[in-house]
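In order, the protein sequences belong to chains F, U and R.
Under our numbering, think of the first position of the first sequence as 1, with each following residue one higher.
Under our numbering, think of the first position of the second sequence as 1, with each following residue one higher.
Under our numbering, think of the first position of the third sequence as 1, with each following residue one higher.
No wet-lab data here; the hints were simulated from the structure.
Every value quoted in this text rests on a predicted model; they were computed, and no experiment measured them.
The beta carbon of each residue, even a glycine, is placed where N, CA and C say it ideally should be.
A hint or two may mislead.
Said to hold, decoys possible - Here are the computed lysine-lysine pairs in the DSS-like style, where the Cα-Cα straight-line distance is at most 27 Å:
id	chain 1	residue 1	chain 2	residue 2
1	R	K51	F	K69
2	F	K302	U	K69
3	R	K343	R	K320
4	R	K51	R	K343
5	F	K69	R	K326
6	R	K283	R	K225
7	R	K51	R	K320
8	R	K364	R	K326
9	U	K319	U	K62
10	U	K236	U	K51
11	U	K186	U	K106
12	U	K286	U	K69
13	R	K220	F	K69
14	R	K364	F	K69
15	U	K303	U	K286
Said to hold, decoys possible - Here's a subset of chain U near chain F, in silico, CB distances under 8 Å, partners left out:
id	residue
16	G41
17	N170
18	R197
19	A206
20	D237
21	G322
Said to hold, decoys possible - If you anchor each label on the Cβ, the simulated ranges turn out as follows:
id	chain 1	residue 1	chain 2	residue 2	range
22	U	A215	F	V101	39 to 49 Å
23	F	L310	R	D395	44 to 54 Å
24	F	A202	R	D204	53 to 63 Å
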Amino acid sequence: MIRRSLLKLANPQLLALIGVLLINWLLFPNFFRVTWQDGRFFGSLIDVLNRGAPVAILAVGMVGVIATKGVDLSVGAVMAVAGAVAATMVVAGYPAPIAVVAALVVGLLCGLWNGILVAILDIQPIIATLVLMVAGRGIAQLITEGFIVTFTDPVLIYIGTGSFLGFPMAAVIALVLMIIVTLIVRRTAIGLFIEAVGVNRAAASLAGIRSRMLLLLVYSLSGLCAAIAGIIVAGDIRGADANNAGLWLELDAILAVVIGGTSLLGGRFSVPLAFVGALIIQAMNTGILVSGFPPEFNLIVKAGLIFIVLVIQSPLASRLAPPRIKPVAKAAAK
Amino acid sequence: MSIITKLAIAASLATALSTAAFAQDLSGKVVGFSQIGSESGWRAAETSVTKQQAEERGVDLKFADAQQKQENQIKAIRGFIAQGVDAILVAPVVATGWDDVLKEAKDAEIPVVLLDRGVDAPEDLYLTSVASDQVEEGRVAGNWLVGDVGTEPCNIVELQGTVGSTPAINRKKGFEEAIAGHDNLKITQSQTGDFTRSKGKEVMEAFIKATNNGADICAVYAHNDDMAVGAIQAIKDAGLKPGTDIKVVSIDGVPDIFTAIAAGEANATVELTPNMAGPAFDALAKFWADGTEPEKFIITESKLYTSADDPQGEYDRRKGLGY
Amino acid sequence: MTDGQYALEARGIVKIFGNHVALDKVDFGLRPGEVHALLGENGAGKSTLIKILTGAYQPTLGDVIVDGSPVTLNNPQHAQTHGIGTVYQEVNLLPNRSVAENLYLGHQPTWFGFVDRRKMERDARTVLARYGLNIDPSSELGAHSVAVQQIVAIARAVELSGKVLILDEPTASLDRNEVERLFDIIRDLKAQGLAVVFITHFLDQVFAIADRVTILRNGKLIDTKSLDNLTRTDVVRLMLGKDIAFSGATQLEENRPLGEVLLDFKGYGKKRSVMPFNLTIHKGEVVGVAGLLGSGRTEMARIMFGADSADEGTVSVAGKPTSISKPTDAIAHGFGFCPEDRKAEGIFGDLSVRENIVIALQGKLGWFSALTRDEQMEIAGRYGESMDIRAASLDMPIKLLSGGNQQKAILSRWLATDPTFLILDEPTRGIDVGAHAEIVRTINRLRDEGLALVVISSELDEVVAYSSRIVVMRDRELVAELNGENINPGVIVQAIANHKDGVQT
Numbered sequence: 001m002i003r004r005s006l007l008k009l010a011n012p013q014l015l016a017l018i019g020v021l022l023i024n025w026l027l028f029p030n031f032f033r034v035t036w037q038d039g040r041f042f043g044s045l046i047d048v049l050n051r052g053a054p055v056a057i058l059a060v061g062m063v064g065v066i067a068t069k070g071v072d073l074s075v076g077a078v079m080a081v082a083g084a085v086a087a088t089m090v091v092a093g094y095p096a097p098i099a100v101v102a103a104l105v106v107g108l109l110c111g112l113w114n115g116i117l118v119a120i121l122d123i124q125p126i127i128a129t130l131v132l133m134v135a136g137r138g139i140a141q142l143i144t145e146g147f148i149v150t151f152t153d154p155v156l157i158y159i160g161t162g163s164f165l166g167f168p169m170a171a172v173i174a175l176v177l178m179i180i181v182t183l184i185v186r187r188t189a190i191g192l193f194i195e196a197v198g199v200n201r202a203a204a205s206l207a208g209i210r211s212r213m214l215l216l217l218v219y220s221l222s223g224l225c226a227a228i229a230g231i232i233v234a235g236d237i238r239g240a241d242a243n244n245a246g247l248w249l250e251l252d253a254i255l256a257v258v259i260g261g262t263s264l265l266g267g268r269f270s271v272p273l274a275f276v277g278a279l280i281i282q283a284m285n286t287g288i289l290v291s292g293f294p295p296e297f298n299l300i301v302k303a304g305l306i307f308i309v310l311v312i313q314s315p316l317a318s319r320l321a322p323p324r325i326k327p328v329a330k331a332a333a334k
Numbered sequence: 001m002s003i004i005t006k007l008a009i010a011a012s013l014a015t016a017l018s019t020a021a022f023a024q025d026l027s028g029k030v031v032g033f034s035q036i037g038s039e040s041g042w043r044a045a046e047t048s049v050t051k052q053q054a055e056e057r058g059v060d061l062k063f064a065d066a067q068q069k070q071e072n073q074i075k076a077i078r079g080f081i082a083q084g085v086d087a088i089l090v091a092p093v094v095a096t097g098w099d100d101v102l103k104e105a106k107d108a109e110i111p112v113v114l115l116d117r118g119v120d121a122p123e124d125l126y127l128t129s130v131a132s133d134q135v136e137e138g139r140v141a142g143n144w145l146v147g148d149v150g151t152e153p154c155n156i157v158e159l160q161g162t163v164g165s166t167p168a169i170n171r172k173k174g175f176e177e178a179i180a181g182h183d184n185l186k187i188t189q190s191q192t193g194d195f196t197r198s199k200g201k202e203v204m205e206a207f208i209k210a211t212n213n214g215a216d217i218c219a220v221y222a223h224n225d226d227m228a229v230g231a232i233q234a235i236k237d238a239g240l241k242p243g244t245d246i247k248v249v250s251i252d253g254v255p256d257i258f259t260a261i262a263a264g265e266a267n268a269t270v271e272l273t274p275n276m277a278g279p280a281f282d283a284l285a286k287f288w289a290d291g292t293e294p295e296k297f298i299i300t301e302s303k304l305y306t307s308a309d310d311p312q313g314e315y316d317r318r319k320g321l322g323y
Numbered sequence: 001m002t003d004g005q006y007a008l009e010a011r012g013i014v015k016i017f018g019n020h021v022a023l024d025k026v027d028f029g030l031r032p033g034e035v036h037a038l039l040g041e042n043g044a045g046k047s048t049l050i051k052i053l054t055g056a057y058q059p060t061l062g063d064v065i066v067d068g069s070p071v072t073l074n075n076p077q078h079a080q081t082h083g084i085g086t087v088y089q090e091v092n093l094l095p096n097r098s099v100a101e102n103l104y105l106g107h108q109p110t111w112f113g114f115v116d117r118r119k120m121e122r123d124a125r126t127v128l129a130r131y132g133l134n135i136d137p138s139s140e141l142g143a144h145s146v147a148v149q150q151i152v153a154i155a156r157a158v159e160l161s162g163k164v165l166i167l168d169e170p171t172a173s174l175d176r177n178e179v180e181r182l183f184d185i186i187r188d189l190k191a192q193g194l195a196v197v198f199i200t201h202f203l204d205q206v207f208a209i210a211d212r213v214t215i216l217r218n219g220k221l222i223d224t225k226s227l228d229n230l231t232r233t234d235v236v237r238l239m240l241g242k243d244i245a246f247s248g249a250t251q252l253e254e255n256r257p258l259g260e261v262l263l264d265f266k267g268y269g270k271k272r273s274v275m276p277f278n279l280t281i282h283k284g285e286v287v288g289v290a291g292l293l294g295s296g297r298t299e300m301a302r303i304m305f306g307a308d309s310a311d312e313g314t315v316s317v318a319g320k321p322t323s324i325s326k327p328t329d330a331i332a333h334g335f336g337f338c339p340e341d342r343k344a345e346g347i348f349g350d351l352s353v354r355e356n357i358v359i360a361l362q363g364k365l366g367w368f369s370a371l372t373r374d375e376q377m378e379i380a381g382r383y384g385e386s387m388d389i390r391a392a393s394l395d396m397p398i399k400l401l402s403g404g405n406q407q408k409a410i411l412s413r414w415l416a417t418d419p420t421f422l423i424l425d426e427p428t429r430g431i432d433v434g435a436h437a438e439i440v441r442t443i444n445r446l447r448d449e450g451l452a453l454v455v456i457s458s459e460l461d462e463v464v465a466y467s468s469r470i471v472v473m474r475d476r477e478l479v480a481e482l483n484g485e486n487i488n489p490g491v492i493v494q495a496i497a498n499h500k501d502g503v504q505t
């Protein structure tokens, strides 16, 4: 098991992450400088972890959905809803833990709603989640009545900006969530079932897999992850911004999953690599910000880098790469 | 200095919130107001202030929310014409496509006042337009900084609005005009924060890393207050004092920036007044009284607020407006 | 040196994948106007050779020679321009487009740059008529039977290339009449001078239609011979490299004592799918299901398994009335189901052989009692060995295995759940002789171990060999149940063909 995880370190995603970090370092020599300040680590590398956390969390939820051949476009809007719920509740005087739980429950219900549309009503995922993508932001605006609801609750602010053992709380939450979700899908049969449903739903059904339950699960998880990300983003700016919170982040999350090697056609997936995919995207963003390019180039540079990353892991590239000879296992163990 | 004269002209035309008490009585007049929608806090504030201004003057205001759609606005204006209102206020959602409906209003002899944004239509089709001067906003912010730093060298980082948007272009231009010729001030970093708090914070974090952990930054200029609020948090997270170690100047005058100014964490903001209706009503009053044609473009005041201007009081005045 | 006698020739072909030699110096010559059968067991290299002849693969060494001159075939489209057309085992067309579009896809007649649909459909009608198909060219291809789709694919290949036609198991999904019709078409094409490569697992068909045969084994050329001097035994010996006897080919298991009743379907049916039928199934028996394609055989299997839910009738398992409305119900009762369409409903192509084998057992265990990797390896290894699944590794994606090995893996999937009742829908379709024998052996073994089986097959000889009883389906209705000496192909054919005399319905 350990040997296998070590082998996995030599994969294109981690190489791409290292590559992007090195480019950042070339453009900005202090990129790797991390100092200790006010009881926390401080530096661009830490920013990558901290700022990448929301998309990484979304990607952790999104990867399961995409592995079932689905997609969840609503996560950005669900972030706004969850942030709005948490913020308005603490402003209304509820204790922070209750507000956080309420926001998580709302996120879970949003995900469950998507799951019902996809699994029970058999609506195509892209359309089913589009409903909440559009409606969610409206709901968030209704909750905040169009204001940016600012708050001073220390617990919510700690979730967004605090630090744990010197690391940004958001990054710690994202990492812990990634590990928990990875363990859940790989130590149970859920991961195998998700892949089976994604590869061939008809065969999965005939093999006795309850694909509906599974779809409800993955969409609910995606909604829950979006809510966590939404609370973090709200805590970060000490306010719930219904118009802008999570705007377009669903696209970054999908991209992170794809960079992480999961096909949009479903099937094989990796939660840790989707997480790495999110860090790659954020490393690019942070690199662009510290390198001093004029902002007009942001999108072009980002698109170019993403293109390179995707080409590196395309089937063509793996064919051109020297073949790795795998040890041939004995067909029948014994 | 031309700025002084311009400010004087603007001030004479504009009606600040606090001066509304001097408004003329327009009892019995019915005015239709076609608003774009409520896509931002400022827009919501504009709606509340317009209703307030109408109430103070005894105007019967018919309000129509177009929900970001021009066809809804055109429908609303036709409705106002059919009801025979005395005047129409429009905050146009787009610049083109207004000729026909404005012609209909003109034929019905109903004056139309454009709020906040202009249109591409012959000038004789509307009475006047009331809007802020975005270049001037940037200029006021820049002039404040020039005056504040004196002869000290000052490296400025700039948080731009959404790339390519008109306010971002104009506010950048005005600010650069103001600091031009003052060689001790220069913009060392400039990136877009998309007018949002979270992007403002993220970009400011990166700027701080890129400038010797903020030691090389003297001031941050944000194209809107929301980005400034995000930047203030980033400055604090880096262990620096916003307002002292790094000066903060921004534009819009939303309530939260006044809280920051009151707390000494922001230094100045330039107000984009939500009171477009006040000057509009004043122009209408004169027009109705003796047929005075107002100027075609009424520029609202770009008023500067600092800690000397009772920021807490300004916050209290604004917080109920819907920002 | 060139040799004018061949329309298409492969000379000294070597193909290496990684460190595996798939073809080792294989020669193959195809004469105009001959039907040339290509035979070989699983992994013998037939598919690889075909893919090289059609440009899908490039040979590592050796030449492909068309009309005497060496050519490099970059891809199947390129091969088409050299007159080489192919029809694959799984029809490779677009089921949601019209028949005419499928015939002309990529070569549609145009009229000022627009597809001339009218002309296309008119032409298509003429072409289809030549192949004895009287169907509406504007209808969706997917609405037709696999047999019709197969013929459309052949028509397309011949129309587009016209010199060499490669048929990769074209008869796998066809019934007897359709095979005959196909053979008529092939004889016709042969008379026109077309060279036909014919790959199949049915020796009868080889002897019925082919002139010469080339036999491959383990990537090596064994021999190319004229069929005139060969017997079936010769061919099988060449293929397998040993003498095998088909066990129980015709011997009837008479007076076998019936086990206890396991299943009792009464008036079981589904509207517009299967008319209500009565069927009692005992432990330790194989119920064969015969009938033409589209006779309701598969539909019957699906409602028995709960893949479609019955809307009338009752079922009891071991005497207890129960309800089977979804596959999980059936699996909970110990059912297993190998579907007809292996690719679409059976295998998980991207998942490993190991995962494909354990998935049903894991489904039964649920989300939280996950089998560890070692347990999975142990289970997959055990069945891999007892079923003789040939895979380089149990961790390789199952889609890389041959059809026969995929089928064995699916059978293993159900055996791993320790079933009491198995439904096998065309378990031997399109698989090689070795795997075929293995599956027939397994069916016999399972019956002897006391399992109840329902086996659907178009191969009457095969059904007769292992069935304790045979039910015949016609027009979505169970029309006959045959016992004892009525279990023979003649009676079955009569029942299928609705010859009333001699068959009790």
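Hints, verified against the model:
1. K51/R / K69/F: This hinted pair is violated, its Cα atoms lying about 30 Å apart.
2. K302/F / K69/U: With a Cα-Cα distance of about 33 Å, the restraint between K302/F and K69/U is violated, given a limit of 27 Å.
3. K343/R / K320/R: violated (35 Å)
4. K51/R / K343/R: holds (20 Å)
5. K69/F / K326/R: holds (22 Å)
6. K283/R / K225/R: Given pair K283/R, K225/R is violated - Cα atoms ~47 Å apart, limit 27 Å.
7. K51/R / K320/R: Violated, at roughly 53 Å.
8. K364/R / K326/R: Between K364/R and K326/R the Cα gap is close to 13 Å, so the pair holds against 27 Å.
9. K319/U / K62/U: holds (24 Å)
10. K236/U / K51/U: violated (39 Å)
11. K186/U / K106/U: The given pair, whose Cα atoms are some 50 Å apart, is violated under the 27 Å limit.
12. K286/U / K69/U: It is violated: about 32 Å lies between the C-alpha atoms, which goes past 27 Å.
13. K220/R / K69/F: This hinted pair is violated, its Cα atoms lying about 41 Å apart.
14. K364/R / K69/F: This hinted pair holds, its Cα atoms lying about 23 Å apart.
15. K303/U / K286/U: holds (25 Å)
16. G41: holds (6 Å)
17. N170: For N170/U, the interface hint is violated, since the closest Cβ of chain F sits about 16 Å away, which is over 8 Å.
18. R197: With a closest approach of 4 Å, the R197/U hint holds.
19. A206: OK, holds: A206/U within 8 Å of chain F, min 3 Å.
20. D237: holds (6 Å)
21. G322: The hint holds - G322/U has a Cβ within 8 Å of chain F, the shortest such distance being about 7 Å.
22. A215/U / V101/F: 39 to 49 Å: holds (42 Å)
23. L310/F / D395/R: 44 to 54 Å: violated (26 Å)
24. A202/F / D204/R: 53 to 63 Å: Since A202/F and D204/R have Cβ atoms about 33 Å apart, the given range 53 to 63 Å is violated.
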